[in-house]
Amino acid sequence: GAVVSQHPSWVICKSGTSVKIECRSLDFQATTMFWYRQFPKQSLMLMATSNEGSKATYEQGVEKDKFLINHASLTLSTLTVTSAHPEDSSFYICSAKGTGHGYTFGSGTRLTVV
Amino acid sequence: DAKTTQPNSMESNEEEPVHLPCNHSTISGTDYIHWYRQLPSQGPEYVIHGLTSNVNNRMASLAIAEDRKSSTLILHRATLRDAAVYYCILRENNQAGTALIFGKGTTLSVSS
Numbered sequence: 001g002a003v004v005s006q007h008p009s010w011v012i013c014k015s016g017t018s019v020k021i022e023c024r025s026l027d028f029q030a031t032t033m034f035w036y037r038q039f040p041k042q043s044l045m046l047m048a049t050s051n052e053g054s055k056a057t058y059e060q061g062v063e064k065d066k067f068l069i070n071h072a073s074l075t076l077s078t079l080t081v082t083s084a085h086p087e088d089s090s091f092y093i094c095s096a097k098g099t100g101h102g103y104t105f106g107s108g109t110r111l112t113v114v
Numbered sequence: 115d116a117k118t119t120q121p122n123s124m125e126s127n128e129e130e131p132v133h134l135p136c137n138h139s140t141i142s143g144t145d146y147i148h149w150y151r152q153l154p155s156q157g158p159e160y161v162i163h164g165l166t167s168n169v170n171n172r173m174a175s176l177a178i179a180e181d182r183k184s185s186t187l188i189l190h191r192a193t194l195r196d197a198a199v200y201y202c203i204l205r206e207n208n209q210a211g212t213a214l215i216f217g218k219g220t221t222l223s224v225s226s
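Protein chains in written order, with the working numbering: chain A, 1 to 114; chain B, 115 to 226.
These aren't lab readings, by the way, just hints derived from the structure by calculation.
Hints are not guaranteed to be accurate.
Claimed, not checked - Only pairs whose alpha carbons sit at most 30 Å apart, straight line, appear in this in silico DSSO-like list of lysine-lysine:
id : chain 1 : residue 1 : chain 2 : residue 2
1  : A       : K41       : B       : K183
2  : A       : K14       : A       : K66
3  : A       : K55       : A       : K66
4  : B       : K218      : A       : K20
5  : A       : K64       : B       : K218
6  : A       : K41       : A       : K14
7  : B       : K117      : A       : K64
8  : B       : K218      : A       : K41
9  : B       : K183      : B       : K218
10 : A       : K66       : B       : K218
11 : A       : K64       : A       : K41
12 : A       : K14       : A       : K64
13 : B       : K218      : B       : K117
14 : B       : K117      : B       : K183
15 : A       : K20       : A       : K41
16 : A       : K41       : A       : K66
17 : A       : K14       : A       : K55
18 : A       : K20       : A       : K64
19 : A       : K20       : A       : K55
20 : A       : K20       : A       : K66
21 : B       : K117      : A       : K41
For clarity, every value in this text was computed on a predicted model and none was experimentally measured.
Taking the hints into account, I'd like the entire structure generated from these sequences.
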C-alpha cells in the first residue's frame, strides 16, 4: 500500500529557531500534499494544501511567512516552522494524495518549543 | 463538506463487536462516506468507505442506512489495538485533490 514517511517523529527546539519537517511519499507520486496540526485532545486542523511546483494555499488564520511549505518534487514536501515559539508546540501531520491513490498520512511530528 | 455527527466517546470490551454510529442527515446523493481512525500519537489511517451498499474489508464493515442519513462502522471483534479516535467524513467523488476535513470523531476505548 501507499506509504508516507514523515521526519522527524519528534523535535525539541529553542524559542526563536526554525524547524523543518519532511514528508515523503515512498511508493507513489503525490500530486497534492496537505499539512495539518493537532493540539492535545483536539481534532486535526488543516493548515495548507500544496500542489507540486506551485505555491501552497494556506487556510485562514495560518501565517504563510511563519509556516513555509515547499513541494518541489512529486515525492517530497517540507514544512518549516520559522522563529518558533512555545505556542507553536503541536503535533504536525502531513498527508499525501496521488492520482489513483487515496489519502495517506504520515506518522506525525511532535514539536516542542522551549 | 456535509456535516456529520458522532458520539464523543464509546467503550468496548476486548473481543466484543463495536458499532460506531455516524449521522449525516444532510448527505447529498454524490457524497461517499469515509471512515478514518487515528491511533494515539499517529497520523490517521484509512478504514473503509462506501456510497450506498454495505461494505466489508479486512479491518471493518460499513453499514449504510437505506436513506443514507446514517451509517455504522462495525468492528467485529475489538482488540486493544483498536483503541483510537474514529472519524466519519463525507466526500464527493469530484473532491479528489482537496483536503479531508476532520470533525471531533469518536474516541473508542477498549478494555481487556
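Hint-by-hint comparison with the structure:
1. A C-alpha spacing of about 28 Å is found between A/K41 and B/K183, which places the hinted pair at or below 30 Å, so the restraint holds.
2. The hinted pair formed by A/K14 and A/K66 meets the criterion: a straight-line CA distance of about 16 Å does not exceed 30 Å.
3. In summary, the hint linking A/K55 to A/K66 is supported, as the alpha carbons are separated by about 14 Å, within the 30 Å threshold.
4. Taking the CA atoms of B/K218 and A/K20, the gap is near 28 Å; set against the 30 Å cutoff, the hint holds.
5. Taking the CA atoms of A/K64 and B/K218, the gap is near 26 Å; set against the 30 Å cutoff, the hint holds.
6. With a C-alpha separation of about 24 Å, the suggested pair A/K41 and A/K14 falls inside the 30 Å cut-off, and the hint holds.
7. The hinted pair formed by B/K117 and A/K64 meets the criterion: a straight-line CA distance of about 28 Å does not exceed 30 Å.
8. Restraint check for B/K218 and A/K41: the C-alpha separation of about 9 Å stays at or below 30 Å, so the hint holds.
9. At roughly 19 Å between alpha-carbon atoms, B/K183 and B/K218 fall within 30 Å of each other, so this suggested pair holds.
10. With a C-alpha separation of about 26 Å, the suggested pair A/K66 and B/K218 falls inside the 30 Å cut-off, and the hint holds.
11. Proposed proximity of A/K64 and A/K41 is supported: the alpha carbons are some 25 Å apart, at most 30 Å.
12. At most 30 Å may separate the alpha-carbon atoms for a hinted pair to count; A/K14 and A/K64 meet this at roughly 21 Å.
13. Straight-line distance between C-alpha atoms of B/K218 and B/K117 comes to about 11 Å, which keeps the hinted pair within the 30 Å bound.
14. Distance hint between B/K117 and B/K183 is fulfilled; the C-alpha atoms sit about 11 Å from each other, no more than 30 Å.
15. With a CA separation close to 24 Å, the supplied pair A/K20 and A/K41 stays within the 30 Å bound.
16. Taking the CA atoms of A/K41 and A/K66, the gap is about 24 Å. The hint holds against a cut of 30 Å.
17. With a C-alpha separation of about 28 Å, the suggested pairing of A/K14 with A/K55 holds against the 30 Å cut-off.
18. Our distance criterion of 30 Å between C-alpha atoms is met by A/K20 and A/K64, whose separation comes to about 14 Å.
19. For the given pair, A/K20 sits about 17 Å from A/K55 by alpha-carbon distance, which is consistent with the 30 Å threshold.
20. At most 30 Å may separate the alpha-carbon atoms for a hinted pair to count; A/K20 and A/K66 meet this at roughly 12 Å.
21. Distance hint between B/K117 and A/K41 is fulfilled; the C-alpha atoms sit about 20 Å from each other, no more than 30 Å.
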